[in-house]
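Novice: With the hints as extra help, turn the sequences into a complete structure.
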Amino acid sequence: MIYAVISLCAIGIISAVILYFVAQKFKVIEDPRIDEVNEVLPGANCGGCGFAGCRNFAESTVKAGNLEGFFCPVGGNTTMAQVAAILGLQAVEKAPMVAVVRCSGSRANAPSKYRFDGPATCFFAHQLFSGESGCPYGCLGLGDCVAACKFDAMYMDPETGLPVIIEENCTACGACVTACPRSIIELRNKGPKGKRIFVSCVNKEKGAIARKNCAVACIGCGKCVKVCPHDAITMENNLAYIDFAKCKLCRKCVPECPTNAILEINFPLKKEKVAGAESKPEAVEV
Amino acid sequence: MLKTFKLGGVHPAENKISSHQAIREIALPKRVFIPVSQHLGAPSKAIVQNGEVVKTGQLIARGESFISSHIHSPVSGKVFKVDEVIDISGYRKQAIIIDVEGDDWVETIDRSDEIKWEVLLSPKEIVDKINLMGIVGMGGATFPSHVKLMVPEGKTIDTLIINGVECEPYLTSDHRLMLERGEEVLIGAFILMKALRADRVIIGIEQNKPDAIAHLTNLCDKFPGFSVQALKVKYPQGGEKQLIKALMNREVPSGKLPFEVSCVVHNVGTAFAVYEAVQKNKPLIERVVTVTGKSLKEPSNFLVRIGTPISTLIEQAGGVPENTGKILSGGPMMGKALVSYDTPVVKGMSGIVLLPDQESVRVRVQNCIRCARCISACPMGLEPYLLAQLVAAEEYESAEKERVMDCIECGSCHYTCPSGRPLLDYIRVGKIKVGQIIRNRGKK
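Going line by line, the protein sequences match chains A and B. Mind the numbering: the first sequence is residues 0 to 285 in numbering that gives the first Met the number 0, read in order. Mind the numbering: the second sequence is residues 0 to 443 in numbering that gives the first Met the number 0, read in order.
The hints are simulated quantities; they were obtained by calculation from the structure and are not laboratory data. Even for Gly, the Cβ is constructed at its ideal location relative to N, Cα and C. Be careful, since some hints might not be right.
Unchecked claim - Capping the alpha-carbon separation at 30 Å, the derived lysine-lysine pairs in DSS-like fashion look like this: (1) B:Lys-92 x A:Lys-222; (2) A:Lys-211 x B:Lys-29; (3) B:Lys-231 x A:Lys-62; (4) B:Lys-221 x B:Lys-115; (5) A:Lys-222 x B:Lys-80; (6) A:Lys-203 x B:Lys-123; (7) B:Lys-123 x B:Lys-54; (8) B:Lys-325 x A:Lys-112; (9) A:Lys-211 x B:Lys-123; (10) B:Lys-2 x B:Lys-154; (11) B:Lys-430 x A:Lys-112; (12) A:Lys-192 x A:Lys-245; (13) A:Lys-203 x A:Lys-62; (14) B:Lys-279 x B:Lys-77.
Said to hold, decoys possible - Covered stretches of chain B, going by a simulated chain A footprint (3 or more residues, C-beta under 8 Å): (15) 141 to 153; (16) 169 to 179.
Specialist: Okay, structure coming up:
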């Protein structure tokens with residue numbers, strides 16, 4: 000009995016000594032700031048910054064020595080200010096962004112012509128055909144973006160069949176942007192008080208073809224380009240695009256669009272007309 | 000006992016309704032739509048201008064890369080424009096639209112019915128001719144045929160297999176071709192054999208076509224080295240690897256081509272097209288298409304020009320029945336649902352199948368009950384349930400290890416699943432994703 004106890008203790012002590020020396024020999028000296036930076040990061044591990052998780056982001060910022068090109072979309076400017084304070088660097092300020100769904104092809108606007116009963120993933124449906132409405136650029140409505148969102152910031156509207164983004168929850172991590180096989184979702188400037196104007200269509204087909212499948216498609220008529228006083232709108236492949244960096248939110252383009260493809264979000268009510276996703280009465284004929 | 004492949008396979012209802020209908024030629028349509036991408040590989044480049052007058056058989060789109068194919072005008076008339084039309088893929092793709100005026104053929108094409116037996120060209124000239132005439136695999140995969148005739152260095156071919164299996168339910172175009180154009184098919188096979196410097200030709204035909212087997216066996220006497228082999232009816236016997244296994248008992252290694260086991264497989268449709276190209280100077284501008292369906296008035300086999308809208312064919316077969324739920328290009332196992340009546344006939348379209356409502360919807364998907372029927376059915380020896388699970392969980396690396404890329408997309412797993420699980424759909428997603436991963440790896 001006594002021998003057993005003694006030998007066990009001896010083994011323990013010898014192992015401890017060996018482990019101590021091994022630990023000394025293979026010691027990794029880590030910058031303590033990595034832990035500090037990691038502490039202030041949100042810990043969502045969403046990959047929105049372009050790095051593999053928060054820890055990787057922290058390591059990279061400490062190693063880089065400046066904060067250019069580093070931005071945590073989830074934490075935003077406040078988190079980046081904290082990181083900058085820890086590292087004694089200058090934070091790069093960025094305007095807050097939000098994900099925007101650039102398709103208004105709801106069940107009413109773009110009625111279904113076909114029925115798809117395969118597995119409910121957009122990626123697969125996109126490989127197979129142009130979609131139930133026939134628009135080869137529009138939302139397939141099977142929710143790959145919603146499945147990709149880690150912040151509960153999206154849901155599928157059962158009525159329209161389109162994804163809806165809950166602004167308060169959206170961190171602009173960009174997971175939905177990569178998940179969408181048709182690149183419908185874009186990260187745009189959140190704008191003052193959330194006000195923003197964008198073309199809610201990504202269809203590059205000729206106007207007549209695009210209109211056949213969807214009532215609110217951009218037909219590439221170019222009226223908005225002409226009316227824009229700030230040169231913020233460009234027209235490429237029959238599709239208008241509003242550059243949010245140049246847009247001054249004057250709203251001149253919105254009534255000009257014959258198909259109501261340009262949406263204004265979070266603007267106050269304007270003379271009995273409800274601003275927002277609802278289509279306006281009678282469009283002007285081209 | 001009849002030969003067949005050993006691993007897996009299923010036996011769907013044959014439904015060869017149109018097998019007694021002789022091939023009929025139909026009137027030219029008013030306008031044809033010729034997609035520039037009708038084959039595997041790079042799309043061809045249109046070389047005609049709007050308003051240009053073209054003759055039947057004239058080159059209108061050139062295949063410019065190694066794996067590509069030339070496209071010839073199937074009609075004579077004026078090029079209306081080069082625009083985008085909805086093709087089999089369900090998307091708008093570039094196509095040449097021609098307004099038909101008369102039927103004026105290029106002079107060099109021999110249009111007589113006389114059978115030309117003598118093959119004068121050398122193997123090299125044959126391959127060039129087949130390339131020039133835009134011949135692609137007519138079984139459905141549309142792989143450019145001349146590429147399949149270029150035997151890689153260090154390899155020799157001992158056997159050319161002619162695929163007359165037609166294992167897809169409903170389709171009968173190859174069956175009719177063998178019956179009505181048997182001589183031409185065999186001469187085509189002889190030309191292919193010469194090009195490959197092979198010693199023998201085996202024509203594999205499933206037992207459910209006894210008339211075709213008897214007819215070709217008779218004709219084979221004229222050709223030394225030719226034989227017809229009857230095969231047990233089993234899907235997917237028409238798959239290249241399955242057919243080689245069934246006839247030769249040789250196994251093509253994973254990820255390799257049939258060259259590896261000294262075989263080459265060509266479809267009977269391809270053999271016929273090769274005959275016309277080499278002996279008659281005629282490019283691939285028409286093909287036999289089966290138009291069939293249980294409710295269709297007159298299921299038929301048509302000889303049609305490429306680019307004819309499928310609506311014309313369905314009209315000729317008695318119009319769209321009221322209860323139609325789905326229109327497929329190809330058979331019900333591997334075919335693809337079409338989204339437009341204006342979809343043009345392309346080089347690889349062997350049939351149009353109109354399925355009634357109740358047969359065109361999928362059954363309700365239930366949980367996997369671990370019955371392993373999909374494993375017994377898979378002709379490639381894969382585990383479809385596992386692959387589907389791995390893909391659903393986005394475990395693409397594991398799916399690659401489980402040989403997802405070996406899947407031939409025959410659909411036997413989905414067909415046999417008692418829970419109606421869309422196994423093949425997931426595997427297809429996996430194949431695309433794993434393919435991307437492999438390509439990216441190659442870049443690095």
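Novice: Please work out if Lys-279 of chain B and Lys-77 of chain B have their alpha carbons no farther apart than 30 Å.
Specialist: holds (25 Å)
Novice: Go check the stretch 141 to 153 of chain B versus chain A for me, would you? Three or more residues, Cβ under 8 Å, otherwise it fails.
Specialist: violated (count 0)
Novice: Could you grab the alpha-carbon distance between Lys-203 of chain A and Lys-62 of chain A and see if it respects the 30 Å cut-off?
Specialist: violated (43 Å)
Novice: Is the straight-line distance between the alpha-carbon of Lys-222 of chain A and that of Lys-80 of chain B 30 Å or less?
Specialist: This hinted pair holds, its Cα atoms lying about 28 Å apart.
Novice: Please work out if Lys-211 of chain A and Lys-29 of chain B have their alpha carbons no farther apart than 30 Å.
Specialist: holds (24 Å)
Novice: Are the Cα atoms of Lys-2 of chain B and Lys-154 of chain B separated by 30 Å or less?
Specialist: holds (27 Å)
Novice: Are the Cα positions of Lys-203 of chain A and Lys-123 of chain B separated by 30 Å at most?
Specialist: Violated, at roughly 45 Å.
Novice: Straight-line Cα separation of Lys-325 of chain B and Lys-112 of chain A no greater than 30 Å?
Specialist: Since the Cα atoms of Lys-325 of chain B and Lys-112 of chain A sit roughly 12 Å apart, the hinted pair holds (cutoff 30 Å).
Novice: What's the verdict on Lys-123 of chain B and Lys-54 of chain B, does the C-alpha distance respect the 30 Å limit or exceed it?
Specialist: Holds: Lys-123 of chain B and Lys-54 of chain B sit about 28 Å apart, inside 30 Å.
Novice: Compare the distance between the alpha carbons of Lys-92 of chain B and Lys-222 of chain A with 30 Å, and conclude whether the hinted pair is satisfied.
Specialist: holds (28 Å)
Novice: For the stretch 169 to 179 of chain B, do at least 3 residues have a Cβ located nearer than 8 Å to some Cβ of chain A?
Specialist: The restraint on the stretch 169 to 179 of chain B is violated, since only 0 of its residues have a Cβ under 8 Å from chain A and three are required.
Novice: For the pair supplied as a hint, Lys-211 of chain A and Lys-123 of chain B, is the alpha-carbon distance within the 30 Å limit?
Specialist: violated (51 Å)
The structure does not agree with the numbered hints 3, 6, 9, 13, 15 and 16 stated previously, though it agrees with the rest.
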